[in-house]
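Produce the complete structure using the sequences and hints provided.
Taking full-length UniProt numbering as reference, the numbering of the sequence shown is continuous, increasing by one, and the terminal residue is 423.
These are calculated hints, taken from the structure and not from any lab test.
Treat the numbers as computed from the prediction; the structure is a model and nothing was measured.
You may find that some hints are simply not true.
Simulated crosslink set (DSS-like; lysine-lysine; CA at most 25 Å straight-line) [as the list claims (entries may be wrong)]: (1) K154 - K165; (2) K188 - K165; (3) K154 - K108; (4) K67 - K179; (5) K188 - K166.
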Amino acid sequence: MTKKKAKKKPTATPEPDPPQDASRSLQPDLRLPPRLFATDRFPTKRLNIYSSPEILPFLRHVLRDTKEFQIIRESCFGKLFDIPARQCPVSAKLIHSFLTRQLLCLPKNTLWSVFGGNPLRYGLQGFGTVTGLNCASFPEGYHPDIAKSVVAGKDEVWKRLFGKKKIVTIAELCRMLEKEKKMDHWKKIRIALIIIVDGVLIAHKQQARATPRYVMMLKNLTTFFAFPWGFPLTLQLVAFRAIPHLLSFIPAQPDQRTLMDLEDGYLPQHNFINSLNIRRVEFSSDLAVSPIIPIESQPQSGWREWSNDPNDDCVIYMEQLIVDHFTFKKGMWPAGVTTEPLLKKPKDRGHRNGKVPTRVKQSLKPKKVIKKETSSRKQRRISSYFTRSSVAGFTNTQLSEMGLKLQKQMKQMKQLHKLLKNK
1 MTKKKAKKKP TATPEPDPPQ DASRSLQPDL RLPPRLFATD RFPTKRLNIY SSPEILPFLR
61 HVLRDTKEFQ IIRESCFGKL FDIPARQCPV SAKLIHSFLT RQLLCLPKNT LWSVFGGNPL
121 RYGLQGFGTV TGLNCASFPE GYHPDIAKSV VAGKDEVWKR LFGKKKIVTI AELCRMLEKE
181 KKMDHWKKIR IALIIIVDGV LIAHKQQARA TPRYVMMLKN LTTFFAFPWG FPLTLQLVAF
241 RAIPHLLSFI PAQPDQRTLM DLEDGYLPQH NFINSLNIRR VEFSSDLAVS PIIPIESQPQ
301 SGWREWSNDP NDDCVIYMEQ LIVDHFTFKK GMWPAGVTTE PLLKKPKDRG HRNGKVPTRV
361 KQSLKPKKVI KKETSSRKQR RISSYFTRSS VAGFTNTQLS EMGLKLQKQM KQMKQLHKLL
421 KNK
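Structure, rendered in structure tokens:
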């Protein structure tokens, strides 16, 4: 008998490797600029920004139909009032995310970032396009780090505006504009400009105050308007133009109004875009990034021309890839610092534990609306920046009396403590 041949056991086909991010398997292109932090490894610490854009609709409301506001609208600050109101609340998380995603390259006056593998330029051209502010170089002989300091109370303009006061807060200036109905033109326009510069553009303290150096510059308004002012919110506005998908994560209803269109003088009440939603946009399959936003030129002479601003071969190579409509990937960029934890892809919005939420049946019967008293804080967001004129605070005399009483009580307590200790 012939022995039957044993049937061959079917060989198990090897299971395919789990899908991986193809962009990570790419070799870095060393001709591209390196990242500051490695891909998906970014610091998440808090960033403080003291700029208060809500001051702009306040000024629009207080100076409505005045000669002073017309001058501001026709100046370099005029386009600030055309900012979309929905995009105006400052998101420090959004600004911080682009600062941490930056590339190490020249020129120094241009910031290149990488978002979802795609390059994004934030330069003088984009800055001028979204703000209308002058983008020329600093005046000859001026340097922001070594500029001569000005002592408050010594300058002629300061004396004429504030007398002998050494410290004047932006909150005080806002109250002055709101209360003093018969303020002369010379003073009103200058106070409004100080509020814009020190409260919105160059706000560098939690309690914003007038900067003596900028007050002195108000001696000549033509020179003041020609100065190249900065503005931190610009990076956020450029990001919204370059990445439209970010707009869908602003926690507010779509609204096409600009700051000029607001009637009551206050920004719409809503939260900011958070870091989780920023990462959702970055990991989205529908992500679309415009590396360079459309540029609108300005009439000022010397616009976007800065001396001693060298080019970078890596940037020239990257810009040529952009012109050629090249598809960038995350893994192409030379890695940066790897000490930060790896950020994973977040779950989709509206999902919990990976499950799609079930739809809840709702009755067609209209619900009874219960009227609630709106808090004063919600009614007036500007109140978080300065107190209402109707609320009377302590005067300097009252504060001095309270301080003297407190010192007297402390002295008595020390004497009593000394007597008890000697017993």
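Structure-based check of each hint:
1. K154 - K165: holds, 10 Å
2. K188 - K165: holds, 18 Å
3. K154 - K108: Judged against 25 Å, a Cα distance of about 36 Å means the pair is violated.
4. K67 - K179: Roughly 18 Å between the alpha carbons, so the hint for K67 and K179 holds.
5. K188 - K166: Holds, at roughly 19 Å.
Of the numbered hints listed earlier, the single one contradicted by the structure is hint 3.
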